[in-house]
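Student: Take a look at the letters that make up each chain.
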Amino acid sequence: MSATLKLENQDIETVSSSGIDLSEKTRSASFYQQDSHTKLYKSLHEGVDILSTEEALAKYPEAKDYFGKNFRLLNRDFPQDTDGGYFIRVKKGKTVEFPIQACLFLKAQGFKQRVHNLIIIEEGARVYLITGCSASQSADEGFHLGISEFFLKKNAYLNFTMIHSWKKDVTVKPISIAHLEDNAVFVSNYVCLRPVKEIIMYPTAVLEGNKAKAVFNSLILSHPDSLEDVGSRVILRGFDTQAEINARAVSLGGKVIARGHIKAENQNVKGHLECRGLVLSQKGHIHAIPEMETDFRDVDLSHEAAIGKISQDEIEYLCARGFTKEQAQSIIIRGFMDVNILGLPDLLKKEIEKIEDASLKGGL
Amino acid sequence: MLKVENLTIEIGGKDIIQDINLEIKKGEVVILFGPNGCGKTTLLKTIMGFSGYRIKSGNIIFKDKPLNNLPIEERVKLGIGIMYQHPPKIRGVKLQQLAQYLTKDEKEISELTQKLTLEEHLKRDVNVDFSGGEMKRSELFQVLLQDPELLLLDEPESGVDIENIGVMGGALNEYLKQEGKSALIITHTGYILDYINAKRGCVLLDGKFWCVGDPKEMFGAIRKSGYDKCKECICPQH
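Protein sequence lines, in the order shown, are assigned to chains W and R.
Just so we're on the same page, the working numbering is the position in the first sequence counted from 1, plus 3.
Just so we're on the same page, the working numbering is the position in the second sequence counted from 1, plus 41.
Take the hints with a grain of salt, since some may be wrong.
What the simulated footprint calls covered on chain W by chain R, stretch by stretch (three residues with Cβ under 8 Å from a Cβ of chain R suffice, anywhere in the stretch; the number is not a length) [unchecked claim]:
id : segment
1  : 168-179
2  : 334-348
The calculated lysine-lysine pairs, modelled on DSS-like cross-linking and capped at a C-alpha distance of 30 Å, are [unchecked claim]:
id : chain 1 : residue 1 : chain 2 : residue 2
3  : W       : 95        : W       : 312
4  : W       : 328       : R       : 118
5  : R       : 164       : W       : 328
6  : W       : 62        : W       : 97
7  : W       : 328       : R       : 130
8  : R       : 257       : W       : 328
9  : W       : 353       : R       : 148
10 : R       : 104       : W       : 328
11 : W       : 312       : R       : 156
12 : W       : 94        : W       : 353
13 : R       : 130       : W       : 312
14 : W       : 9         : W       : 357
15 : W       : 72        : W       : 156
16 : W       : 328       : R       : 97
17 : W       : 328       : R       : 148
18 : W       : 352       : R       : 164
19 : R       : 66        : R       : 156
20 : R       : 55        : R       : 135
21 : R       : 97        : W       : 312
22 : R       : 135       : W       : 328
23 : R       : 135       : W       : 357
24 : W       : 28        : W       : 45
Which bits of chain R does chain W cover? Going by a derived footprint, with three or more residues having C-beta under 8 Å, they are [to be verified]:
id : segment
25 : 71-84
26 : 117-129
27 : 139-147
28 : 154-164
These are calculated hints, taken from the structure and not from any lab test.
Cβ atoms here follow ideal geometry from the backbone N, Cα and C, with glycine treated the same way.
Okay, chain W solo, but in the shape it has when bound (with noise of 0.2 Å):
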């Protein structure tokens, strides 16, 4: 294990693509894995494990008992043969400023990376945490799945970024779940803005707790021949809990598949899921599937839809305000794939707008 990071220069954008800060300065903790290799773990806050989960599953007894719990909660098989991944904890009532980063490298040929992350967040505490999953120009046929748990303990609070940059020929599974206590809240938010082969995802959120919420939010760009089927689900078991799906896609010509899921288990209850979509290629596809689903009548559950190309009257609005076609139809795109609905501090919402401004330059 080396204490920094060293990098051929061919990946470093590659990474860096993914929301992940190699200089650290800006991040409070740090986890790299290079296909199955952990390269590095490192924590600058006393109040922040990080750790490879294997060497957390030797060294505390009580992540053995993590492991897999929210799998057995919804009485749901998870894959055995994983090797490495992060465990991560952030201790009672401390709120990290900065976020913690995490890099998932796909790196060798054909490499399958199957990783099980943990991430506990304890009572009262307060995270940003940014997963980096992408894969170097060498990976090609890639395969990644991606486990990961989640336990926000009573009035928790976690904001959750995860940012794919593959390439088109890699296969991606992630499959999460994160169980909420008591006033919990867990921002979710997924964006992927590259080529990638197949991506199929819906991570679930149970909120057992009262008072508990859940918000998902993603941003897809989907260039030809990529298919995102991504989803999200939350079950509101515990009184007065709270969802809210937010997804906003893009098509290049890519396949989507957006699918929101919001079940009530009790009464009192809130959720809204919305999807809007932009098909800006005559091979792009985009299919909407919300849902939504309730025993009880004292519940509020809605959802909105919109998919469609761009409205010429967006366009010419601009167009009478002195842009150009083109620029009108870029504004627009930029201002649908709006950053802002993430919830980030203002350092993470700057990087991600980066990013986005230069995948939306290659891509139009």
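Given the structure of chain W, go ahead and fit chain R onto it with the hints provided.
Tutor: Chain R in isolation, oriented as in the chain W frame:
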């Protein structure tokens, strides 16, 4: 400055404006009256060059340049600006971003923001969750920052409360008092006439101009007798 010559406009195969003529001189403000559906908005949008409005015959000339085939943004460059009646929402784009594109003068932005009480709106997405009155103020804000020579205003005061009509009317009047600024303004309520110095009004009925005269007098007569009487009045067609 603006000349409309024998203009016939068609929407979806139907003639909405039929063979009209109109001239607006430099520094002149012209008021356009007419019942709903008579073609007022169609005329403004055609001058601006929006899609869906086909010029079947005739010409629109601005500063001696024919506009008929120019894209919208080229007309803007020549000095035409429009204030929308029903502007679309532009999600994720802040009013401030548009303002900073329209002028580099931050002081001007800040002064006009205060004048039109839009301080809170600068950081919001353009027209998203704006009330009717807020939209009008934001529209006037943008078009004044654009600094056009010819202003096209489509019902600037509709849906605006009395106090804000005063605020908007004041800002508009100040703008139009500048050298060489012209306007073509649609109004139903006539409130805007109390704030600006307009010498000519026209009534548009069934796609044709029927009457030309002093806008305040015309508005009084229309309020009293309705648009049908305009046809009987038989002022010489403009």
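Student: Determine for every hint whether it applies to the structure shown.
Tutor: Going through the hints against the structure:
{"no.": "1", "hint": "168-179", "in the structure": "violated (count 0)"}
{"no.": "2", "hint": "334-348", "in the structure": "holds (count 8)"}
{"no.": "3", "hint": "95(W) <-> 312(W)", "in the structure": "47 Å, violated"}
{"no.": "4", "hint": "328(W) <-> 118(R)", "in the structure": "14 Å, holds"}
{"no.": "5", "hint": "164(R) <-> 328(W)", "in the structure": "24 Å, holds"}
{"no.": "6", "hint": "62(W) <-> 97(W)", "in the structure": "22 Å, holds"}
{"no.": "7", "hint": "328(W) <-> 130(R)", "in the structure": "17 Å, holds"}
{"no.": "8", "hint": "257(R) <-> 328(W)", "in the structure": "40 Å, violated"}
{"no.": "9", "hint": "353(W) <-> 148(R)", "in the structure": "26 Å, holds"}
{"no.": "10", "hint": "104(R) <-> 328(W)", "in the structure": "24 Å, holds"}
{"no.": "11", "hint": "312(W) <-> 156(R)", "in the structure": "37 Å, violated"}
{"no.": "12", "hint": "94(W) <-> 353(W)", "in the structure": "28 Å, holds"}
{"no.": "13", "hint": "130(R) <-> 312(W)", "in the structure": "15 Å, holds"}
{"no.": "14", "hint": "9(W) <-> 357(W)", "in the structure": "23 Å, holds"}
{"no.": "15", "hint": "72(W) <-> 156(W)", "in the structure": "14 Å, holds"}
{"no.": "16", "hint": "328(W) <-> 97(R)", "in the structure": "24 Å, holds"}
{"no.": "17", "hint": "328(W) <-> 148(R)", "in the structure": "29 Å, holds"}
{"no.": "18", "hint": "352(W) <-> 164(R)", "in the structure": "16 Å, holds"}
{"no.": "19", "hint": "66(R) <-> 156(R)", "in the structure": "29 Å, holds"}
{"no.": "20", "hint": "55(R) <-> 135(R)", "in the structure": "38 Å, violated"}
{"no.": "21", "hint": "97(R) <-> 312(W)", "in the structure": "29 Å, holds"}
{"no.": "22", "hint": "135(R) <-> 328(W)", "in the structure": "19 Å, holds"}
{"no.": "23", "hint": "135(R) <-> 357(W)", "in the structure": "18 Å, holds"}
{"no.": "24", "hint": "28(W) <-> 45(W)", "in the structure": "12 Å, holds"}
{"no.": "25", "hint": "71-84", "in the structure": "violated (count 0)"}
{"no.": "26", "hint": "117-129", "in the structure": "holds (count 7)"}
{"no.": "27", "hint": "139-147", "in the structure": "holds (count 3)"}
{"no.": "28", "hint": "154-164", "in the structure": "violated (count 0)"}
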